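So the sequence lines, in the order shown, correspond to chains A and B. Just so we're aligned: 89 in the working numbering is position 89 of the first sequence, and the numbers increase by one with no gaps anywhere. Just so we're aligned: 225 in the working numbering is position 225 of the second sequence, and the numbers increase by one with no gaps anywhere.
For the record, the hints were derived by calculation from the structure and aren't laboratory data. The model shown is predicted, which means the values in this text are computed figures rather than measured ones. One should not assume that every hint holds.
If chains are identical, the list can't say which one is meant, so a pair holds when it fits in one copy or spans any two.
Straight-line Cα separation of at most 30 Å, DSS-like style, residue types lysine-lysine; simulated pairs [said to hold, decoys possible]:
1. Lys153 with Lys246
2. Lys344 with Lys153
3. Lys110 with Lys23
4. Lys217 with Lys83
5. Lys153 with Lys198
6. Lys347 with Lys104
7. Lys83 with Lys228
8. Lys267 with Lys217
9. Lys341 with Lys267
10. Lys201 with Lys347
11. Lys228 with Lys23
12. Lys246 with Lys407
2 protein chains.
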Amino acid sequence: MVQPILYSLFREGRVQQLLELVKELHPADLVDSLHEFSLEEQERFFLLIPHEQSAIIMQEMEVPEAAAVLERLPVGTAAEILKEMYSDEAVDILAELPKERAAKLLTLMKEAGEELKELMAYEEDTSGGLMATEFVAIPENLTVGGTLAYLRKVAPSAENAYYIYVVTRDKKLVGVISLRELVVAPLETRVGQIMHRKVVKVPEDLDQEEVARLFEKYSLLVLPVVDKEDRLVGVITVDDVIAIAKEEATEDIHKTGSVTPLRTSYKSAGVLTLYTKRVGWLLALVFINLISSGIIAVFEETLNAAMILAFFIPLLIDTGGNTGSQAATLVVRALVTEDIKPGKWFKTFCKELLVGTLLGLTLGTAGWLLGVFRGGALIGVIIGLTMLAIVIIANLVGVVLPFILTKLRLDPAVASSPLITTIMDALGLLTYFTIAQIFLSLF
Amino acid sequence: MVQPILYSLFREGRVQQLLELVKELHPADLVDSLHEFSLEEQERFFLLIPHEQSAIIMQEMEVPEAAAVLERLPVGTAAEILKEMYSDEAVDILAELPKERAAKLLTLMKEAGEELKELMAYEEDTSGGLMATEFVAIPENLTVGGTLAYLRKVAPSAENAYYIYVVTRDKKLVGVISLRELVVAPLETRVGQIMHRKVVKVPEDLDQEEVARLFEKYSLLVLPVVDKEDRLVGVITVDDVIAIAKEEATEDIHKTGSVTPLRTSYKSAGVLTLYTKRVGWLLALVFINLISSGIIAVFEETLNAAMILAFFIPLLIDTGGNTGSQAATLVVRALVTEDIKPGKWFKTFCKELLVGTLLGLTLGTAGWLLGVFRGGALIGVIIGLTMLAIVIIANLVGVVLPFILTKLRLDPAVASSPLITTIMDALGLLTYFTIAQIFLSLF
């Protein structure tokens, strides 16, 4: 929700009222309103409000947006703001800044900077790259009452307060208890007696897609990350996971269109990036297309003898491509979401053989009618039969190719709509001319 | 993780050990292991273990799986298990059962059944259909200590304990406080003094996609649902939202392949469902394809005069389709995720004009080389120029169509790969033959 009043208060220099509105608004709504500010105005805005508040707001901004503002602020101010942020958010923003600037800020942040430097060493799309170092850890022999008193003292912030981790003296993770369980337990009980000893946890280098899968499977709010010695080094919170799910979906969708995943938003991708992410596939498909051209060349005589055949080329090869795209889209998504297991290819094959036959009969009938109408009985039979054959073949190619790719340990999404369309052009033309040649020579 | 030992304990009838293992395993892992059981064995398994445990396990199963088992169990047992479930999960399973069976179970569940009946009246993919009725609500004048004592008494379960809602005597929602804030507040403070009065809440009929967007925007764990009188009627928890994000992504991906969203998993979709979700688009595309056929018919003479032109048809029209698919895939996804705003069409248009020109120059060069190689200098120029023109046009069609669809308040995803491919066939052929006719008549 954009609050136009924020901008007017700012423009009119009514600082007192502005500060009060900032305190009152949800930071996510505040970010919406900030989009009305120019970059230079945003800079002045963040100089007006307290660092703590700035940190909360910048955490809600898109990372490149927050980095752009932070880059304009005086280094001292920027360092203070970064100190107030969650470590996972601070790291994301620092990674977006020019190297020199980031290094300077880390030095200014002293101890906090050292900690962030360690976090920055992790790959961005792994558990280590997602985790924050803010968490509550207690020893096993603390009582419930003691733990509650400790929580009152440290007053943990929202992102990390719902699970309390139990660690040994050398920081090994041995258990977990939720704040809910803590609150309803007798005060004198030792945490070690009521904690869960089986903790769902992940190593530092797990892929983010796998992290998201674990969150979904175990309905987690927080997932602890441990190092090779089983020491607790950070936690991943569920709010990051919703963003991952969206990011992974975008990648999968880009793949279905034969675009190499951008790994950045479309808005912030430059012309050259977009070009390089697309040109490879387009050129590769050109070469596959030469097969189709070759088939036309081979059957040039057949085509010359009955130019009416050319009329139906786009119709037939496109229907093949469309049918194959549909089947591949369904199967690739089902494989990616583990809706069907890679081993179940035969069952899927049989199911789609039926679906393909039904589709083939429907479209074959349509093709037959169009053929009769445009070229008479014989052409009708040729087009109808070709349509039937192409639809069934295309459907099976769309089903089988993703399974083969999975079997070869390749990404099934390589079976994109453009690839299937291109393959089906070649197979479609071959089918068409073969059927046409047989019938034309017979009658 | 599948635990083969579960199945062997079950097969060998070692009930005591089985019950202990069930208590120890995470229900999500237990569900994995249950996949080794036949339906009949699952039925016997759930008759062995306590109802409470059955409820926890079934909540982790896929809804159709849980429904299949529940249908086989004696009605009395099934009713007891359903009573132990969260209301949102119970409703989903009941909706999957045959109507008569569901009605019988609801009657057997008495009061609990009445409550579920009310929940079942909501549309499945709205806030009302997602919410559970388990939540903690307290009056404003209760103290922090009093609230903690109340929580100890009701011992809320995991799904709903992290936010405590503050309501008036007639159940109107006036505030919220998190368990974390409660734990760190002085015991004698009244909740009304420290609660947040601005609560992010939704009406009962909000679309689930919008619900997911709010969760992401405000980094929520729980979202309260209110009726028209602002009374608190339920809560939606974040674990449901991750599932929604996946579901919505699947729908979007199906749309890119011109498949009407299945609204069920691929695995459980029957042959006829798959047929009906696909045949409409395929037939519609056949009719658009007739335009391409018509264009070939119009230019039959040109084609007859230079049969070499037929050789390049698949290459040229496919490259157009592929380029357009890529552009449409990028733009549709960016619009759906609000990465680009519908108003920013001109900026995107200019950006893609540049990208398209670069792609066109690359592919045009490839086309020129292929043309020279196969048909000499003149054909080279025709193919090169056509390729350049088609790629630029296709790119712009792929960009503009999703914006037009959005402007017409239609789903931008209608600009699917098959639709763009089919449109580009017609435009590609028209471009090709026009350029060819000009150059062939000139030289």
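(message) Cα distance capped at 30 Å. Does Lys347 pair with Lys104 within a copy, between copies, both, or neither?
(response) neither (59 Å within a copy, 35 Å between copies)
(request) Check Lys344 against Lys153 for me: Cα-Cα at most 30 Å, and say if that holds within a copy, between copies, both or neither. (result) Cα proximity of Lys344 and Lys153: none, with 55 Å in one copy and 50 Å across.
(request) Tell me, please, which holds for Lys83 and Lys228 at an alpha-carbon limit of 30 Å: within, between, both or neither? (result) Within one copy only: 28 Å inside a chain, 43 Å across chains, cut-off 30 Å.
(request) Go through the copies and call it for Lys153 and Lys246: within, between, both or neither, with a Cα cutoff of 30 Å. (result) neither (37 Å within a copy, 40 Å between copies)
(request) Pop the pair Lys341 and Lys267 into one bin, within, between, both or neither, using alpha-carbon distances up to 30 Å. (result) Cα proximity of Lys341 and Lys267: across copies only (10 Å, versus 36 Å in one copy).
(message) Treating 30 Å as the Cα threshold, decide for Lys228 and Lys23: within, between, both or neither.
(response) Between copies only: 29 Å across chains, 43 Å inside a chain, cut-off 30 Å.
(message) With identical chains, the pair Lys267 and Lys217 could be close in the same copy or across copies; at 30 Å between alpha carbons, which is it: within, between, both, or neither?
(response) Answer is between: at 19 Å across copies they meet the 30 Å cutoff, but 33 Å inside does not.
(message) For Lys110 and Lys23, with the copy left unspecified, which applies at a CA distance of at most 30 Å: within, between, both, or neither?
(response) Answer is within: at 29 Å inside a copy they meet the 30 Å cutoff, but 48 Å across does not.
(request) Could you place Lys153 and Lys198 in one of the four classes (within, between, both, neither) given a Cα distance threshold of 30 Å? (result) both (28 Å within a copy, 27 Å between copies)
(message) My question is about Lys246 and Lys407: at a cut-off of 30 Å on alpha-carbon distance, are they close within one copy, between copies, both, or neither?
(response) both (26 Å within a copy, 24 Å between copies)
(message) With identical chains, the pair Lys201 and Lys347 could be close in the same copy or across copies; at 30 Å between alpha carbons, which is it: within, between, both, or neither?
(response) neither (35 Å within a copy, 45 Å between copies)
(request) Evaluate Lys217 and Lys83 at a C-alpha cut-off of 30 Å and name the case that applies: within, between, both or neither. (result) between (34 Å within a copy, 23 Å between copies)
Comparing the model with each earlier hint shows violations of hints 1, 2, 6 and 10; every other hint is respected.
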